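**Q** Each protein sequence line maps, in turn, to chains A and B.
The working numbering applies: residue 1 is where the first sequence begins, and numbers increase by one.
The working numbering applies: residue 1 is where the second sequence begins, and numbers increase by one.
FYI, nobody ran anything at the bench for these hints, they're computed from the structure.
Nothing here was measured: the structure is a model prediction, and the numbers come from that model.
Check the hints yourself; a few may be wrong.
[Stated by the list, open to error] The list that follows gives simulated cross-link-like pairs (lysine to aspartate or glutamate, DMTMM-like), each with its CA atoms no further than 25 Å apart: (1) B:K35 x A:D52; (2) A:K111 x A:D86; (3) A:K124 x A:D164; (4) B:K36 x A:D86; (5) B:K35 x A:D55; (6) B:K36 x A:D108; (7) A:K98 x A:D136; (8) A:K124 x B:E38; (9) A:K150 x A:D164; (10) A:K60 x B:E38; (11) B:K36 x A:D55; (12) A:K111 x B:E38; (13) B:K11 x B:D82; (14) B:K36 x A:D52.
[What the hints assert, rightly or not] Incomplete in silico selection of chain B near chain A, CB under 7 Å: (15) G14; (16) P56; (17) H102.
Positions of the beta carbon are idealized from the N, C-alpha and C atoms, including for glycine.
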Amino acid sequence: MKLTVAVRGSFLGFLHIPLTIIWLPILGFDPFMIFICESIARLYGLYEHVNDHFDRYVGKQRLLEFLFVTPSVHRVHHAKNYIYLDRNYGETFSIWDKIFGTFQTELDDIKPVYGILSEEINSKSLWQVQLLLWRDLWRDIRSAPRLIDKIRYVLKPPGWNHRDGGKMAAAYRDEAWKEYQHPPYRKEEVPPSSSKLEGVSPSS
Amino acid sequence: MTTYLPILLGKLQGIFGYVVLGLVIAEWLLLVISKKMESNREGWVNVFSYVLDSIPYFFLGKVMIFGTMTWLYQYRLTTLGDAWYIWILAYLVYDFMFWLVHLLSHVFSGVSMAYTTRQKK
Numbered sequence: 001m002k003l004t005v006a007v008r009g010s011f012l013g014f015l016h017i018p019l020t021i022i023w024l025p026i027l028g029f030d031p032f033m034i035f036i037c038e039s040i041a042r043l044y045g046l047y048e049h050v051n052d053h054f055d056r057y058v059g060k061q062r063l064l065e066f067l068f069v070t071p072s073v074h075r076v077h078h079a080k081n082y083i084y085l086d087r088n089y090g091e092t093f094s095i096w097d098k099i100f101g102t103f104q105t106e107l108d109d110i111k112p113v114y115g116i117l118s119e120e121i122n123s124k125s126l127w128q129v130q131l132l133l134w135r136d137l138w139r140d141i142r143s144a145p146r147l148i149d150k151i152r153y154v155l156k157p158p159g160w161n162h163r164d165g166g167k168m169a170a171a172y173r174d175e176a177w178k179e180y181q182h183p184p185y186r187k188e189e190v191p192p193s194s195s196k197l198e199g200v201s202p203s204s
Numbered sequence: 001m002t003t004y005l006p007i008l009l010g011k012l013q014g015i016f017g018y019v020v021l022g023l024v025i026a027e028w029l030l031l032v033i034s035k036k037m038e039s040n041r042e043g044w045v046n047v048f049s050y051v052l053d054s055i056p057y058f059f060l061g062k063v064m065i066f067g068t069m070t071w072l073y074q075y076r077l078t079t080l081g082d083a084w085y086i087w088i089l090a091y092l093v094y095d096f097m098f099w100l101v102h103l104l105s106h107v108f109s110g111v112s113m114a115y116t117t118r119q120k121k
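Working from the sequences, and respecting the hints, build out all of it.
**A** Written as structure tokens, this is what we have:
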């Protein structure tokens with residue numbers, strides 16, 4: 001992790017990012033007030049992406065997790081370990097994730113491995129970072145024979161397919177939790193390096 | 001007063017941009033000096049992605065978004081004012097909306113593709 005990750009955006013981000021704030025004046029909030037709040041929140045969001053080495057000086061800040069999204073909490077969001085998939089959507093406060101059941105603390109025995117389930121993407125390639133997933137989505141849409149399935153590819157979560165329904169993040173996460181809580185082997189029989197939970201991506 | 005707001009907003013965002021840029025560069029330098037930078041190239045990809053992300057805002061403009069919000073403000077359901085607790089409420093509402101839009105960008109593939117570029121380290 002590093003701060004540049006916080007500013008990495010998509011050329012189409014402008015289509016959905018403004019949805020966060022654009023309608024709030026209807027509720028009676030002054031637009032200027034919203035912009036100030038957004039700027040403060042984005043600065044805090046930048047801090048969440050601080051390099052992992054920062055932990056050496058401040059630790060994982062477990063107490064702050066009670067209320068705030070700490071760098072440790074946000075690292076979980078960027079992890080591709082099955083057990084961490086689709087968790088911790090918050091920016092400043094962790095309360096929303098806790099209220100709606102999407103919070104996950106960083107487990108002491110599972111180090112986050114950064115990335116997404118698509119192993120094809122090379123994060124050192126600008127065109128791949130910006131366009132590869134769009135290409136994959138376009139290929140999926142073209143592969144679907146029925147119009148309803150083409151629409152579903154856009155509206156369903158990543159991992160869905162029209163052939164057998166596919167496997168999505170929640171299924172991977174549930175399996176990983178079961179395996180974590182009830183490992184199929186005795187701990188002393190297996191060397192720590194063979195843990196299946198650390199950064200293994202699906203082949204599909 | 002309303003005329004000056006977009007100008008003031010532009011200035012504040014300029015300052016905000018420099019603060020973000022300064023922090024990003026400072027961390028980058030620290031990582032390079034301490035030989036903990038894994039990939040400079042990846043850092044550049046992130047910075048160029050930021051530029052690509054910012055281009056539509058440059059043309060459409062935060063001013064256009066601010067303009068829409070100012071227009072919507074005329075039809076507000078109530079006037080909340082600017083007391084200190086309203087600032088806290090505004091921050092909480094903003095933070096919830098961020099959580100919601102972020103969640104939805106993981107739920108729908110069509111949005112997820114525009115978002116997932118942020119997901120790698």
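**Q** Which numbered conditions among the earlier hints are violated in the structure presented, ordered from lowest to highest?
**A** 3, 4, 7 and 15
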